[in-house]
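Peer 1: Here are the chains, one letter per residue:
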Amino acid sequence: MAKALHHRDLRREAKQQGEPVPPIASLAIAFSAQALARLGMPTAGADPNFDRGMLQDLRTIGDPLGEDDLPSDWRFGHTDETRIDLLLVGGESSEPSLNSLFEKWCGILSSGWALVHWDFARRREDDKEFFGFNDGVSQPGIRGLRPDGTPLVNRPISSDDPRSLEFARPGQRLVWPGNFILGYQREVEGNSPGSIFEPPQSWMRNGSYLVYRRLNQNPERFREAVEGLRAYLASQGEIASHDWLSARLVGRWKDGTPVVMSPDGPNTEIGKDVFRNNNFRYAFGEQEIKVTQQDGSTRIVMATPGDPRGKLIPLMAHIRQINPRAGQSEEGAEQHPQKLMLRRGVTFGKEIEEDPEGERGLIFLAYQTSISRQFLFVQSTWANSANAPTSWGPDPIISQDGTASPKRRIRVFVPSGRPHDCPFNGRWVIPTAGEYLFLPSLTGLKELCQS
Amino acid sequence: MYIPPPRYIDFDRSSRSNALKRGWDRLIGQAIENVSDLPRVLDPLKATNNAIQDSVTWSGFPRALDSWFDVGNDPARMAAAHRAAEVVYRTVPVVVARPDRSEQLANVPFNPGQNIYLAPQRRNGVVSANDAFGLTERPQDEYLEWHTVRDPQTGAVLRIDFTSEPPEYWSFLAEQDAELAATVYSELLDEQVDTDDIIFPGDVFCPRFLVNTNEVIYLGHVRLADQRIDFPARFEAGNYNPDNTWNTKRGAVHLIQRNNTLLAEINLAANATRRFAVRPDLQAQIDRFTLTACGGFGGLNRNSDPSIGSFVNTLALDNHRVMVSNPLGLFISEVQLGGFRDPQGNSVDRDEILTTVRGDWNDEPGRARVVRFSIHPPEGAGYTLDQCTFNDHALDTGGPIARKTFIAVHGIAEPGTLQNPLPDHPIELCGADLVEHPTLRPKLFAPVNWASRLQVGVPEDSLAIDSTRAMMRVMTGGREV
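Protein sequence lines correspond, in order, to chains A and B. Per my numbering, the first sequence starts with residue 1, numbered consecutively. Per my numbering, the second sequence starts with residue 1, numbered consecutively.
Note that these hints are calculated values from the structure, not bench results. Ideal Cβ placement from N, Cα and C applies to all residues, glycine included. Among the clues, some could well be false.
[Claimed, not checked] Simulated restraints on C-beta separations:
#: 1; chain 1: A; residue 1: R221; chain 2: B; residue 2: D25; range: 44 to 52 angstroms
#: 2; chain 1: A; residue 1: R12; chain 2: B; residue 2: T356; range: 49 to 57 angstroms
#: 3; chain 1: B; residue 1: P75; chain 2: A; residue 2: R12; range: 35 to 43 angstroms
#: 4; chain 1: B; residue 1: T356; chain 2: A; residue 2: G417; range: 33 to 41 angstroms
Please model the entire structure based on the sequences and the hints provided.
Peer 2: What follows is the structure, encoded as structure tokens:
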């Protein structure tokens with residue numbers, strides 16, 4: 001891990017200084033429970049959801065099921081022939097080198113494994129997903145130290161500020177590593193660590209459960225739905241622009257600017273500022289914070305207003321529904337950090353102009369140590385629910401209700417300043433494959449190979 | 001007119017329907033009147049078209065038990081909390097007489113063998129241990145209570161009934177139309193319940209003891225209604241008995257935990273409209289527990305009260321008068337059943353295992369008002385619930401489902417306007433004594449004034465301040481007391 005972090009730092013540094021960025025080359029290999037059983041690896045005591053596999057949880061996750069109880073929209077992963085045993089996630093700086101990597105691994109695995117599917121995923125311009133929003137702005141900060149004693153993640157908040165105990169960058173919640181990697185202390189209520197989450201088998205130490213979801217996106221359908229919402233509100237005498245509404249549905253403007261900091265439009269200065277674009281907690285205002293920048297200079301990060309009632313970021317807005325921060329929820333804010341995952345989503349598919357009929361969307365990859373308390377909770381208890389974390393409706397972007405045309409009733413503070421309940425029916429995120437996998441550490445992988 | 005929580009599904013069956021409706025309206029109207037002097041309290045019946053509706057939800061499993069068992073991420077501890085949630089315990093108010101002739105009431109564990117029991121007086125004047133009962137509580141204090149129906153022979157779990165109906169409604173119904181109340185009891189439990197089962201046939205008597213330095217002497221039973229007792233029921237002939245066996249040992253028709261009352265909800269909502277020193281405006285960095293402690297308006301170690309309080313307080317600070325909307329009640333807004341697995345480990349359609357008994361999941365658009373539902377195996381299934389799992393917990397208790405059952409208070413709030421500004425909202429000093437914070441470390445703190453919250457590092461066990469903890473010590477013996 002230390003090597004990977006060092007490499008990441010080098011890339012960041014080079015990017016900031018306008019120097020050639022060192023190439024990236026990475027490969028992760030994750031195994032389903034069935035694959036591990038086939039390989040004879042012991043998994044007794046592993047996460048029960050992982051053991052059962054994602055297909056068993058689809059009623060909870062909300063993907064529509066056909067009469068055969070199989071997901072009707074999945075392209076692969078749901079039949080014996082297309083079952084996902086292994087997931088390889090490769091990273092390269094260019095498409096040709098990625099193709100070489102892919103071919104090399106297909107060759108290595110061809111003796112015992114058949115290729116089910118492969119997606120060429122890439123970072124789109126400005127890290128925007130296909131609805132046009134900058135994605136992955138908010139990530140938890142992992143507590144812990146590198147071998148040299150420096151923090152695993154940058155801690156720029158002045159140590160005399162009590163918020164430095166809770167946050168890495170302003171708004172970036174610090175979370176105990178046992179939430180993501182087996183063998184470390186877990187997150188519990190308060191800032192003290194919980195007990196060590198021991199791996200169920202010794203070879204699983206330093207590993208993580210990887211939730212893979214292939215989410216097709218239909219940008220046109222989403223655009224039409226927002227337009228329909230705009231027209232509906234106009235019929236009620238509430239005039240709002242398309243962008244104004246879609247920012248309320250997500251909680252951010254397309255460039256990543258949180259609506260709570262810039263209610264009337266995007267502000268690139270905020271959207272691109274990693275010290276500001278996450279610095280909000282909904283329940284109350286955030287006072288100024290003194291931070292140390294990478295060059296050693298200090299600066300004051302401006303205060304942020306609170307938004308407890310959802311006047312700016314509605315309580316069901318995507319970023320609020322799946323991460324209520326210090327805001328209201330049926331569980332209580334003290335439980336929220338336990339739900340956080342390390343999300344590493346990346347887009348797949350060509351641009352609409354290049355291939356209007358092609359598939360496109362997001363490969364959702366999330367690392368965690370408890371599928372039921374993290375991914376499954378966030379997707380089913382919060383995103384899909386009309387009554388949790390609040391009663392303002394389900395997540396307008398990713399919620400599923402087990403049907404091909406979900407019915408939603410969402411609540412938005414309209415321009416006249418009143419909360420208004422609106423229909424927002426339809427589906428623009430269509431899950432087309434998925435599985436729960438286990439990503440072993442390098443040591444675990446070696447043990448697995450030897451066995 | 002104020003409407004009861006299950007609307008008029010019962011009242012409309014009574015020959016005295018109109019009288020019942022008027023009576024309920026008076027009862028709730030009086031409760032609202034009692035708190036109407038607070039500047040940000042709204043009389044829901046006087047709300048205008050300008051008023052907004054909003055709701056707050058919380059999980060139905062007792063936070064106090066999770067805290068006591070320090071559940072964290074440990075499934076075994078969570079299972080212990082589930083079991084503890086179903087340990088019904090009974091206490092008896094006892095008159096303690098001292099040699100100096102002073103007398104006081106004490107609550108002690110129910111123990112008929114030691115004459116510690118309540119009993120109604122029979123027509124012949126006798127008070128007998130054969131009629132013994134105690135004040136019963138389920139330790140389910142999040143405005144959701146449940147009863148696990150077991151096969152009397154095998155103990156297998158046949159059904160789990162969940163309710164959020166307040167005791168005030170059933171006291172009112174039973175005392176206005178006892179036959180109807182018994183009929184509805186019978187229907188809900190699928191058992192034969194008679195009026196005599198739920199109405200005291202005579203005044204209730206409690207024990208009186210002389211307590212000397214070295215001995216305790218039983219002096220006989222005395223009329224309980226003559227004693228001062230803090231319990232939301234009366235104890236005279238003809239009164240409703242909320243501790244009847246059909247609402248305690250053999251079923252759960254309505255809430256019975258002492259804090260789970262409708263009047264408590266109204267008082268909590270009213271008091272949470274006040275502007276407290278620790279939260280003079282919406283920018284104040286304060287969590288729901290600290291606010292509750294400062295306001296002293298609810299139980300600290302609960303999901304419900306701090307959530308309701310924080311929700312109401314936010315609206316009040318944002319220039320609204322606030323109250324629970326009509327019908328005033330605690331409602332089940334959602335139950336998520338995706339975690340159910342049959343004995344083969346397969347998921348099951350929710351419609352096959354859920355029966356909504358009273359209320360409507362879509363009572364108004366976006367507002368569920370369910371007050372009773374049951375979970376059972378699918379019709380014709382050859383298994384019982386204890387053979388199933390729910391989110392990987394054995395379904396031998398209702399706890400795992402209670403965690404995924406959300407309770408809601410639907411609020412109504414009238415904004416102040418330029419034409420009709422709201423009266424002043426004065427800042428009030430914190431009213432609470434030293435309390436235990438559920439999450440912060442150090443655990444104890446004392447809100448002393450609005451300018452500074454004093455955090456005190458008192459060792460955890462140095463003060464016995466939390467009655468819940470004392471209660472839990474009794475309960476975790478794992479036996480009914």
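Peer 1: For each hint, tell me whether it holds in the structure or not.
Peer 2: Tested hints:
The hinted range of 44 to 52 angstroms is satisfied by R221(A) and D25(B), whose Cβ atoms lie roughly 49 angstroms apart. Taken as a hint, the range 49 to 57 angstroms holds for the pair R12(A) and T356(B), whose Cβ atoms sit roughly 55 angstroms apart. Distance hint for P75(B) and R12(A): a CB-CB separation of about 40 angstroms, consistent with the stated range 35 to 43 angstroms. Taking the beta carbon of each, T356(B) and G417(A) are about 36 angstroms apart, inside 33 to 41 angstroms as hinted.
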